[in-house]
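This is what each chain is made of:
Protein chains: 2
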Amino acid sequence: MSLPSKYLQMLSTVTSDGELCMELVEKDMPEPKPGQIIVRVEATPINPSDHGVMFGWSNMAAASSSGSGADTVLTAPVPEQGMRVMKARIDQALPVGNEGAGTVVAAGEGDYAQSLLGKVVAVMGGGMYGQYRAVDAMMALPLHEGHTAKDGASCFVNPLTALCFLETMRGEGHTAIVHTAAASNLGQMLVRICQADGVDLVNIVRKQEQEDLLRGMGAKYVVNSSKDSFMADLTDAIHETGATLGFDATGGGKLASDILSAMEAAAARTPGAYSIYGSVAHKQVYLYGGLDTSPTTLTRGYGMAWGVGGWLLPNFLAKAGQDVAVRLRTRVANELKTTFASHYTDEISLSEALQADVVAKYNAKTTGQKFLICPQKDL
Amino acid sequence: MSLPSKYLQMLSTVTSDGELCMELVEKDMPEPKPGQIIVRVEATPINPSDHGVMFGWSNMAAASSSGSGADTVLTAPVPEQGMRVMKARIDQALPVGNEGAGTVVAAGEGDYAQSLLGKVVAVMGGGMYGQYRAVDAMMALPLHEGHTAKDGASCFVNPLTALCFLETMRGEGHTAIVHTAAASNLGQMLVRICQADGVDLVNIVRKQEQEDLLRGMGAKYVVNSSKDSFMADLTDAIHETGATLGFDATGGGKLASDILSAMEAAAARTPGAYSIYGSVAHKQVYLYGGLDTSPTTLTRGYGMAWGVGGWLLPNFLAKAGQDVAVRLRTRVANELKTTFASHYTDEISLSEALQADVVAKYNAKTTGQKFLICPQKDL
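Read top to bottom, the protein sequences are chains A and B.
Just so you know, we're using numbering that gives the first Met the number 0 here: the first sequence kicks off at 0 and counts up by one.
Just so you know, we're using numbering that gives the first Met the number 0 here: the second sequence kicks off at 0 and counts up by one.
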């Protein structure tokens with residue numbers, strides 16, 4: 000198989016002039032080092048977790064694009080506060096795209112790397128929005144026979160995040176979970192995993208159709224935050240499930256605080272669960288996303304045994320260790336077309352991903368809408 | 000030694016009618032059970048941590064008192080939101096007073112209990128705002144020869160809290176601490192402990208005289224939150240010390256978030272400490288008090304490796320285990336008149352503690368002002 004000598008990769012730069020600039024840059028095709036493989040990237044999703052590296056704190060409402068094909072360039076102004084927050088990345092061209100899948104088209108020395116030649120593998124390693132990617136063979140997850148790059152493109156971020164919610168739950172001694180933005184791709188996966196594992200899950204959604212969707216999947220506890228009865232419904236569901244752990248995708252506003260308040264109210268109903276300093280059991284809400292960029296407001300009427308904090312998959316995996324990672328990856332590969340199936344509403348090329356009108360669509364983060372970049376598609 | 004058959008104890012009740020009622024109630028003197036001792040309480044401090052049980056979410060600005068001596072009664076209205084939060088304690092008469100010291104005047108069967116007869120001991124066990132208190136002998140800390148009940152009255156809450164800040168620091172892998180309300184009794188203790196243990200401490204104060212006080216004690220890092228240069232000063236101090244752990248006594252407002260922002264800005268100056276998801280090291284701020292009852296606001300410009308949560312001494316000690324508790328208590332007894340010396344501005348009787356004008360003074364929580372109840376003082 001002969002490889003092209005050059006390939007295109009998407010890079011994102013915040014310039015010291017206060018501008019975000021994203022473009023496709025030509026790179027030399029590397030020689031695979033010992034233990035390395037070269038993957039021809041065929042499918043790579045745009046996840047909410049990619050948006051941070053792509054757009055950072057830029058004003059995307061004012062984004063515009065110029066050029067076409069390989070020369071498409073997306074720019075957006077960065078407000079002053081954004082420049083302060085992004086100080087550490089100014090003038091660095093950052094590769095983007097957390098995960099993806101494709102065919103192994105070259106391999107360096109080493110039996111394992113060589114054994115992957117021609118196989119379809121999934122990769123989480125950053126820099127996946129490009130036509131090719133060199134990675135350590137050990138980082139690639141070979142898909143089962145018959146599974147395509149599109150099947151495996153979202154193998155890591157959502158599946159591992161959902162699985163690691165349950166790992167976190169078990170590791171920190173909780174027995175049930177509250178999840179927000181629960182009708183998302185990730186949320187639906189979590190519903191399936193919790194059903195399979197017999198874990199009670201309280202799903203928080205904002206709309207009736209999301210409620211219907213999850214109930215249609217067999218979800219038992221679904222509460223709608225736009226209803227007047229939200230806090231009462233949430234407290235009831237938490238009381239029934241005993242959930243003392245929440246994962247919040249929105250991050251901002253008062254939702255995390257509302258979850259803690261409902262946990263506290265549920266504990267107050269339970270004999271022995273309450274002391275003069277509030278409920279005794281530790282109540283934790285992790286913010287794993289930032290769909291709402293407004294400040295997080297905590298009203299603190301929930302005693303002293305509570306915590307709120309950021310939660311990031313790579314940080315969790317680094318702490319959990321290699322054995323846990325292998326166990327979870329194996330499960331994902333085995334259940335790729337069932338529990339961990341992802342659905343895409345749009346398939347776009349690398350250059351389309353830089354067109355302002357397309358960006359506006361996927362940056363809206365509409366529930367149910369999910370974009371897949373196909374880097375081999377014509378620019 | 001013959002004991003009176005009755006004694007007075009302070010109780011706090013939130014009634015279902017929406018009123019806080021605090022009074023002195025006559026109790027029968029108990030017979031000490033095997034292993035128990037009866038302590039004649041001679042000195043018991045009013046700590047910020049007592050206020051929650053005493054006053055809860057009542058409107059103390061509208062408090063009034065009636066009667067005199069043993070019949071003094073303090074009442075205050077409880078707003079509707081307060082009633083919701085305090086649901087679990089409605090119509091229960093709760094004993095108050097976390098800690099105190101006094102003379103062992105009776106002891107039940109058992110060598111250890113008997114050996115304490117006539118000794119001055121400190122006790123943390125709740126219900127200390129009373130003339131007598133029956134406790135398990137194992138819960139009492141015998142003071143060294145020559146130390147008085149007043150010396151030992153504040154043996155537990157402040158000393159153990161300050162020591163457990165350092166235990167938390169070591170246990171969670173941090174190497175330096177940020178502390179707010181740093182000129183408090185507790186703050187000054189923490190300065191002395193950190194000096195003795197060689198731990199870097201960043202002290203946050205609000206006033207020039209507090210800054211001067213701490214510098215006079217030899218504190219190296221003191222930053223004043225009322226200065227325009229506060230965030231820059233705080234970032235410098237955190238950069239120099241490498242602090243990734245904060246303890247905040249105020250709880251409300253944006254101070255906890257400011258500390259995390261300064262930690263993030265300090266990390267951005269340090270090569271290798273920063274990734275695209277923000278700084279890599281976990282940054283934690285514990286809220287151990289609620290001097291500011293307004294909501295906590297988190298602006299979340301500090302990546303994903305951060306946490307904010309409640310911190311409560313009994314919860315920490317329960318997790319740390321008996322060996323740690325014994326080690327820390329021994330240190331407190333040994334350094335009672337040096338590292339752990341407390342100073343009181345006012346000594347009052349049990350009935351004075353229920354007079355509305357006196358309550359207004361100690362409820363103001365003015366830095367430097369500290370009240371001691373002397374339950375043997377004439378009512």
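Treat the hints with caution; some may be incorrect.
Each pair may be met inside one copy or between any two copies, as identical chains are not told apart.
To be verified - Here are the simulated DSSO-like pairs of lysine-lysine, each with C-alpha atoms no more than 30 Å apart in a straight line: (1) Lys26 to Lys318; (2) Lys253 to Lys86; (3) Lys219 to Lys86; (4) Lys32 to Lys253; (5) Lys206 to Lys26; (6) Lys86 to Lys336; (7) Lys149 to Lys336; (8) Lys32 to Lys336; (9) Lys226 to Lys86; (10) Lys369 to Lys26; (11) Lys253 to Lys364; (12) Lys26 to Lys253; (13) Lys118 to Lys32; (14) Lys360 to Lys206.
FYI, nobody ran anything at the bench for these hints, they're computed from the structure.
| For this structure, which hints from the list above don't hold up? | When the structure is compared with the hints, numbers 1, 4, 5, 6, 8 and 12 turn out to be violated.
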